[in-house]
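Chemist: Below, each chain spelled out in residue letters.
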Amino acid sequence: MKKLLTIALVALIAVSAFAQGASEASKGQVTLEWWTWDATMADTNNAIIAAYEATHPNVKINNTIIPTDGGAYATQLAIMAQQKNLPDVFTISSGNLEDWAEIGYLRNLDELIAKDKTIFDQFYKGMFDAVKDVAKTDYYCAIPFAYVSCDLFYNKDMFDAAGIAYPNENWTWDDFVKAAKALTIDKNGDGEIDQWGYYGYGRYAEAQAWVIANNGTLINDKMRFEPDKNALEALHFFTDLVLKDKVAPMPKDMTAMKYNNIFPNGLCAMFVDGGWQVNDFRSKIGDKFRWGVTRIPNGPSAKETWTFGWPDSYVLSPTTAHPDEAWDFVKFAAGGGLSADQVMGGKLSAYKAIVESPEFIDMTQQPYGDMELFREHANDKFMTTYTKSWSEWTGYGAAENMGFAGAVDSILNGEDSFDGAMKKATDGINKILSRVYP
Amino acid sequence: MVKKKSSKWIILVLIILAAFISIFPFLWMVSTSFMSEDVIFSLPIQLWPNKLFKAGMWENYKTVISKYSFGLYTWNSFLISFLAALGQIVVCPMASFAFAKMRFPGRRWIYALLLMTLMIPVQVIIIPEYYLMMKLGWINTFLPLIIPSFLSGALGTFMFISVFEAIPSAMFDAAVIDGASAYKILWRVYFPQATASVATLFIIGFMNNWNDLLRPLLYLNKAKLYTVTIGLTRFQTEYTSSWALLLTASVLSVLPLIIVYIFCQRYIIENQMSAGVKG
Amino acid sequence: MAEKQKFKWHSWATPYILIFPTLIGLFVFRLIPIVSSFVLSFSNWNLIKDPVFNGLENYKELFSDPDFWVILGNTLKITVGYVVGGMVFGLLLALLVNNKIRGMNFFRAAIYMPVITSSVAVGIVWLRILGPKYGILDYLLKMVGITAPYWLQDPKIALWTVTFVQVWKMSGYYMILFLAGLQSISTDVIEASVVDGASPRQRLFRVIIPMLSPTTFFVFTVAIMDAFKNFELIYAMTKGGPQNATNTLVYSVYVNAFSYFRVGYAETIAWVLMAVVGSLTLVNFYVKKYWAQPLE
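In order, the protein sequence lines correspond to chains B, U and Z. Per this note's numbering, the very first residue in the first sequence carries number 1; after that it's consecutive. Per this note's numbering, the very first residue in the second sequence carries number 1001; after that it's consecutive. Per this note's numbering, the very first residue in the third sequence carries number 2001; after that it's consecutive.
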């Protein structure tokens, strides 16, 4: 066996010696590697590069877009990090910031920011600070290019038909339930509801958004899963929408379509999810019905308005050979070089001039003036639930039927009692958290 | 005679039923590819495409091909799958012949190891494999997708062993007595006997590489290298989902496989007919 | 077999030349990753740092996790259901399409369609068919007054539904393999049995099935192997839910490696999977000795 392994290794080394292709950029020319994950932005990214290279002839930008499917993006980024070969500029999920900062893979930007006198005239300082909170660092470690919030979408036609005023930020949760009850209708009288007041499930951008709206916290100061009074109140409210008030369907009844097809298909009057759904709903709904978007109403125990939201940000490699060029480019890519229509609908740009421009509110498409909401978010108090191993305990992506999301779904689907599911979730999640926060 | 005729009808009905059950989801995919996004999930369920034979019926196809460069992806997938499958049908019979007909030191060990690799799902080895490919400098080339399957196909080797073992030993004995070399026996006597299996292996090898997703996702990061399966992921992202385009692209992704299948099926059938003639 | 060696019809090097490419492929591209994954299964590794070896920690954690035993059970159930289902349907279909009927090529191609369609697309389509209330099957059943169960959402049924879809997808594959076997059976033998006056049933059980045994053995082995390759279908249809009801070892490996970035732990699960697969293979070969010796 040993012999064979040796032979294999020798062969491997021989092959790799042949395969090494050496290519170094010519002197004076700076090449920046820029990694992103959103393939829908490919055209925008190319436009950014073209514009940037036109004014910076000595800089060449290579954009690599790797899909998040199969964990491809995060896996390759992690391997590049471990190999100390990170791209100069890259996008990173908020859920990874803390882990990465701890190892020192996020470049400390304090020096670059201190040199850059106008940075906070151009970008919202609050968003830069929010990134620090998520990463739990005492230095600036990322440049946010957008803020993502969770909001309440509603079907205006359904509200009009029921003769109810549209939801607004002064609504209480009682108002919400009252409206949802009036909007839950068996239209053809066959004994089955075909228009629900609300639809939601355990997904992070839905269940956790209600917790935040009630100023609740899921993770305590000692980094253990322990929903506080407000969080439990919110989760009871959220699950009662299905179980007691019966204004929302059980999630398992709706699995013939993806979660983000239910609102566009007119099966529910209200829906809570990430603001980026604006972009998706525009194409899915078209002119079928009129819809709007507003804040999730504050819960009964909320002392102030918290918005569930997180930054999408760029990071500079700690090992980049060209920090100044990378910094200059990243400011361009994060806002300076963008026009309002290049920012995904429903995301709040971090660049003040874009948000303040009249084009930010696109009056040619739904939800028209409601887009003002995203401008208002610029001054919000944002809260997240990010920790290390966040996607594991939350139940995200391939694991969306597990973790916290799976527990909430088991309550909503009537498979488990509230207390039973919460106890199971607490045990499971704390096992995860105690591993990463000993 | 009457009984025989009725049994033939039963067989026909059963075949039609099986074919329908097999093909129904595909038909739905095709139907969906001629629907607009808002119709796919509309209620009551619409199975008949709303755009068929109307203006803009090819809209989804046009978008997929022009905006998402599916032509290029198809070519990339074809190149990878063809070369990988080609390697399989050359290398596997060679190894199988050695395993089936020769006795040599290490035979049992190598055979056992090979079989073990047959059983390993890609998820198990993909991360170490990624490191290996990185050390070889093969990231962003087609090599990681072609070379491993070109060099060794556990499944194909295994398949040809059972095929070669089933070939009557009289043929082998005759060739040996004629003084034919081992290579000649393999390529002139055994290989021609196994055309049906060669065609089958080619389909399987082609198909497995065509439908592979995880490896291309990890190894190919440049848009010009993307395969069809990577292309398919672009219709369902965190931020958007387009079912009409996804299913249109799925239909397009199956078409080349149908062509390969029909092409190979001819060999399977021909083989059957020539066997019939000999009989 | 043994006496043939005396002829010396090939040099000692010939077999090594023949298996040379296979050997390179096997050692470089298969065994190196496999051995590495085994070593990694004793480590704590989140990819971004270097792996830290932690002895048997991962194995201890795995075996003390109650979910693991559920997942292992699911894997075994799917494997049995899939291997039996796939082989039975594969053989039946092969026998069906081995008849000479006009248009048979079309029917064979039709039955093969699910095999060549990508698993993700198949998963999406079946989700749309099997979904409650707004699914196509539910819609059709409702018309005849039947209330369908929650095919993919009921923890008691979901696993079998997933198995069914996997069998549906792959039966055409085993059909082709069996078909190649059926066609390699010399027509002389079958005609001889007809002349002998054997009934169709006798012909099937006394002649065809025994003569198919090398193919059957092959299909059996391949089916066991395929039984574990259900990640895409599960990902597209259930994501391992509800409540782990459709979570399998392979899915668990994936989730731990690519969602949680617990690579060491994922490799531990992978090696448990390897142990399962390995023992199934051993049983398989033990059986082969008594069952599928090629006919001489």
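Please keep in mind that the hints were generated in silico from the structure rather than gathered at the bench. Idealized CB from N, CA, C, for every residue including glycine. Some hints could be false.
Selected chain Z positions facing chain U (Cβ under 10 Å, derived; list incomplete) [what the hints assert, rightly or not]:
{"id": "1", "residue": "H2010"}
{"id": "2", "residue": "L2040"}
{"id": "3", "residue": "N2044"}
{"id": "4", "residue": "I2111"}
{"id": "5", "residue": "V2125"}
Chain B regions said to be covered by chain Z (calculated; three or more residues, Cβ under 8 Å) [stated by the list, open to error]:
{"id": "6", "region": "123 to 135"}
{"id": "7", "region": "212 to 224"}
{"id": "8", "region": "248 to 259"}
{"id": "9", "region": "356 to 365"}
{"id": "10", "region": "387 to 394"}
Each computed DSS-like pair below joins lysine-lysine, with the alpha-carbon atoms no more than 25 Å apart [what the hints assert, rightly or not]:
{"id": "11", "chain 1": "B", "residue 1": "K423", "chain 2": "Z", "residue 2": "K2156"}
{"id": "12", "chain 1": "Z", "residue 1": "K2142", "chain 2": "B", "residue 2": "K187"}
{"id": "13", "chain 1": "U", "residue 1": "K1222", "chain 2": "B", "residue 2": "K288"}
{"id": "14", "chain 1": "B", "residue 1": "K132", "chain 2": "Z", "residue 2": "K2133"}
{"id": "15", "chain 1": "U", "residue 1": "K1222", "chain 2": "B", "residue 2": "K84"}
{"id": "16", "chain 1": "B", "residue 1": "K244", "chain 2": "Z", "residue 2": "K2049"}
{"id": "17", "chain 1": "Z", "residue 1": "K2049", "chain 2": "B", "residue 2": "K258"}
Chemist: Hint by hint, say whether it matches the structure.
Modeler: Evaluated hints:
Because the beta carbon of H2010(Z) sits about 4 Å from the nearest beta carbon in chain U, less than 10 Å, this interface hint is met. A distance limit of 10 Å between C-beta atoms decides the matter here; for L2040(Z) the minimum to chain U is near 7 Å, and the interface restraint holds. Given hint, N2044(Z) at the interface with chain U, is violated; its Cβ is 14 Å from that chain's nearest Cβ, farther than 10 Å. The interface hint given for I2111(Z) is met, as the beta carbon of that residue sits about 5 Å from the closest beta carbon of chain U, less than 10 Å.
About 4 Å separates the beta-carbon of V2125(Z) from the nearest beta-carbon of chain U, less than 10 Å, and the hint is met. Counting residues of the region 123 to 135 of chain B whose CB falls under 8 Å from any CB of chain Z gives 0; the rule of at least 3 is not met. Beta-carbon proximity to chain Z at under 8 Å applies to 0 residues in the region 212 to 224 of chain B; the threshold of 3 is not reached and the given coverage is violated. Note: the region 248 to 259 of chain B has 6 residues with beta-carbon separation from chain Z under 8 Å; the three-residue rule is met and the coverage holds.
With 0 residues bearing a CB less than 8 Å from a CB of chain Z, the region 356 to 365 of chain B misses the requirement of three and the coverage assertion fails. Given as covered by chain Z, the region 387 to 394 of chain B passes the check, having 3 residues with a CB less than 8 Å from a CB of that chain where 3 are the minimum. Annotation: proposed proximity of K423(B) to K2156(Z) holds, straight-line Cα distance about 22 Å (limit 25 Å). Restraint check for K2142(Z) and K187(B): the C-alpha separation of about 18 Å stays at or below 25 Å, so the hint holds.
For the hint linking K1222(U) to K288(B), the alpha-carbon distance of about 38 Å lies beyond 25 Å, and the restraint is violated. The straight-line distance between the Cα atoms of K132(B) and K2133(Z) is roughly 46 Å, outside the 25 Å bound, and the hint therefore fails. Taken as a hint, the K1222(U) and K84(B) pair is honoured in the structure, with Cα atoms around 21 Å apart against an allowance of 25 Å. With a C-alpha separation of about 48 Å, the suggested pair K244(B) and K2049(Z) falls outside the 25 Å cut-off, and the hint is violated.
Restraint check for K2049(Z) and K258(B): not satisfied, since their Cα atoms lie roughly 36 Å apart, outside the 25 Å limit.
Checked against the numbered hints above, the structure violates hints 3, 6, 7, 9, 13, 14, 16, 17; every other hint is satisfied.
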